[in-house]
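**Q** Sequence:
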Amino acid sequence: RIGKTFLHAGPGYGGSCFPKDTKALARIGQEHASPMQIVEQVIKINEEIKRRMVDKLLDLCGGSFNGKTVAVLGVTFKPNTDDMRDAPALTIVPALVGGGAEVRVTDPQGRREGEALLPNVTWHEDPYSAAEGADLLVMLTEWNEFRALDLSRIAGSMRTSRMADLRNVYSLEDARAAGFTAYDSIGRVGGAAM
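Position 16, counted from 1, in the sequence shown is what our numbering calls 40; the numbers after and before it change by one each time, with no gaps.
Since the hints were derived computationally from the structure, they do not count as laboratory data. Just to be clear, a hint being listed does not mean it is correct.
As the list claims (entries may be wrong) - Straight-line C-alpha distance at most 35 Å; calculated DSBU-like pairs for lysine-lysine:
(1) Lys-68 with Lys-47
(2) Lys-102 with Lys-80
(3) Lys-68 with Lys-28
(4) Lys-28 with Lys-80
(5) Lys-102 with Lys-44
(6) Lys-47 with Lys-102
(7) Lys-80 with Lys-44
(8) Lys-68 with Lys-44
(9) Lys-28 with Lys-44
(10) Lys-28 with Lys-47
(11) Lys-68 with Lys-102
(12) Lys-102 with Lys-28
(13) Lys-80 with Lys-47
(14) Lys-80 with Lys-68
Said to hold, decoys possible - Just the calculated beta-carbon pair ranges, DEER-fashion:
(15) Lys-68 with Phe-30: 16 to 24 Å
(16) Ala-201 with Leu-49: 44 to 52 Å
(17) Gly-122 with Glu-72: 31 to 39 Å
Remember, predicted model here, so these are calculated numbers, not experimental data. Built from N, CA and C at the ideal position, the CB exists for glycine as well.
With the hints as constraints, model all of the structure from the sequences given.
**A** So this is what it looks like as structure tokens:
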């Protein structure tokens, strides 16, 4: 069911079902000369949202990823799975690496699949080691393990304490109180440089 308990702000959808089903529905419409424009636009917008997230991260990094260290928390398409099919991380992380960032990743279950899909990243066992000395912290998957972090500890260990909360796990007030100098999220007013 799609309802308020299912719909949350985020960097685009992924997984094994919804992307496959929307693409199949669009293809059926095309094959029967009855395009399903709404479904086609949903697919297009989902890919556009992932690219916009890269732009958001680029802004937080001052216009360039080159020479920056980025800690990514979560790469699976949702928490409590190792499934990375069509995960937003498969668009976002390569853009970071391609832009010259050193990318550090932590994910409670995503490492086994992620190592093959996301080359040129460094895997860490926990968010604290991933964030140490980083320029940007990116919340990409809303694992429960990431919902109660010691944000002050993380902000204090970073080279520049900036956070892109792409799952709206924390608030601007949480980030500010922890010592982050920049915070951005999805669909909220405020954020960026503080």
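**Q** Next, verify each hint and record whether it holds.
**A** Checked hints:
This hinted pair checks out: Lys-68 and Lys-47 have alpha carbons roughly 10 Å apart, not beyond 35 Å. About 20 Å separates the Cα atoms of Lys-102 and Lys-80, which keeps this hinted pair within 35 Å; it holds. At most 35 Å may separate the alpha-carbon atoms for a hinted pair to count; Lys-68 and Lys-28 meet this at roughly 23 Å. For the suggested pair Lys-28 and Lys-80, the alpha carbons sit about 25 Å apart, so the restraint of at most 35 Å is met.
At roughly 16 Å between alpha-carbon atoms, Lys-102 and Lys-44 fall within 35 Å of each other, so this suggested pair holds. Restraint check: the Cα-Cα separation between Lys-47 and Lys-102 comes to about 20 Å, which is no more than 35 Å; the hinted pair holds. Pair hint Lys-80 plus Lys-44 holds up; C-alpha atoms about 27 Å apart against a cutoff of 35 Å. With a CA separation close to 14 Å, the supplied pair Lys-68 and Lys-44 stays within the 35 Å bound.
Of the pairs offered as hints, the one joining Lys-28 and Lys-44 holds, with about 22 Å between alpha carbons and a cut-off of 35 Å not exceeded. Note on Lys-28 and Lys-47: the hinted pairing holds, with a Cα-Cα distance of about 24 Å set against a maximum of 35 Å. Our distance criterion of 35 Å between C-alpha atoms is met by Lys-68 and Lys-102, whose separation comes to about 20 Å. At roughly 16 Å between alpha-carbon atoms, Lys-102 and Lys-28 fall within 35 Å of each other, so this suggested pair holds.
The hinted pair formed by Lys-80 and Lys-47 meets the criterion: a straight-line CA distance of about 27 Å does not exceed 35 Å. For the hint linking Lys-80 to Lys-68, the alpha-carbon distance of about 19 Å falls within 35 Å, and the restraint holds. At roughly 21 Å, the beta-carbon separation of Lys-68 and Phe-30 lies within the given 16 to 24 Å, and the hint holds. The beta-carbon spacing between Ala-201 and Leu-49, approximately 45 Å, falls within the hinted interval of 44 to 52 Å.
Taken as a hint, the range 31 to 39 Å is violated for the pair Gly-122 and Glu-72, whose Cβ atoms sit roughly 18 Å apart.
Against the hints set out earlier in the document, a violation occurs for number 17 only.
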